[in-house]
Amino acid sequence: MLGHYAAVLGKVMPMWYTADLLLLGVETWLYRHTPGFVILLTASVIWFLTVLATILFMVPLNNRVVEGAAGWQGIHRTWDRRHRVRIVALAVASILFTYVAVR
Numbered sequence: 123m124l125g126h127y128a129a130v131l132g133k134v135m136p137m138w139y140t141a142d143l144l145l146l147g148v149e150t151w152l153y154r155h156t157p158g159f160v161i162l163l164t165a166s167v168i169w170f171l172t173v174l175a176t177i178l179f180m181v182p183l184n185n186r187v188v189e190g191a192a193g194w195q196g197i198h199r200t201w202d203r204r205h206r207v208r209i210v211a212l213a214v215a216s217i218l219f220t221y222v223a224v225r
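Counting the sequence shown from 1 gives a position; the working numbering is that position plus 122.
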C-alpha cells in the first residue's frame, strides 16, 4: 500500500514542484524593482534548494520504498525525517511569498 502511494506521489511531485518554482520565479522577476524583491528572491532560492535536495536525497529513498527494498521501514523513517525538514523549508518560502503578496 505504501509503495503505491510512493509511486503516485513520485510521478506527481516533480510537475508540482517545477510549476511552483516557475511561478515563484516569474513573480520574483515581476517584483524586481520593488522592496519585496529580496524577500521573493530568498523564497525562490529556498524553494529551488528544496527541489534540488528532493531530487538528490528524497527520490532515491522513495524509489527504494516503491521497490520494496529490504529494510524499507527504516528507509521510510529516514524519508519521513527528511520530509519534515522539507515541509518546514517550503512553509518558510510560502510565508515569505505571502508576506510580499499581501503587503
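Hint data in this document are derived by calculation from the structure and do not stem from the laboratory.
One should not assume that every hint holds.
Between beta-carbon pairs, the in silico distance windows are [to be verified]:
no.: 1; residue 1: 132; residue 2: 195; range: 15 to 25 angstroms
no.: 2; residue 1: 192; residue 2: 160; range: 40 to 50 angstroms
no.: 3; residue 1: 160; residue 2: 193; range: 36 to 46 angstroms
no.: 4; residue 1: 134; residue 2: 200; range: 19 to 29 angstroms
Every residue gets a Cβ at the ideal spot worked out from N, C-alpha and C, and that includes glycine.
Could you check the hint for me, namely that residue 132 and residue 195 are 15 to 25 angstroms apart, CB to CB? Because 18 angstroms falls inside the window, the suggested range holds.
C-beta pair residue 134, residue 200: status relative to the range 19 to 29 angstroms that was hinted: holds, 21 angstroms
For the pair residue 160 and residue 193, does the Cβ-Cβ distance stay inside 36 to 46 angstroms? Check passed, 44 angstroms falls within 36 to 46 angstroms.
If I claimed the Cβ atoms of residue 192 and residue 160 lie 40 to 50 angstroms apart, would that claim hold in this structure? This hint holds: roughly 47 angstroms between Cβ atoms.
The structure agrees with every numbered hint stated previously.
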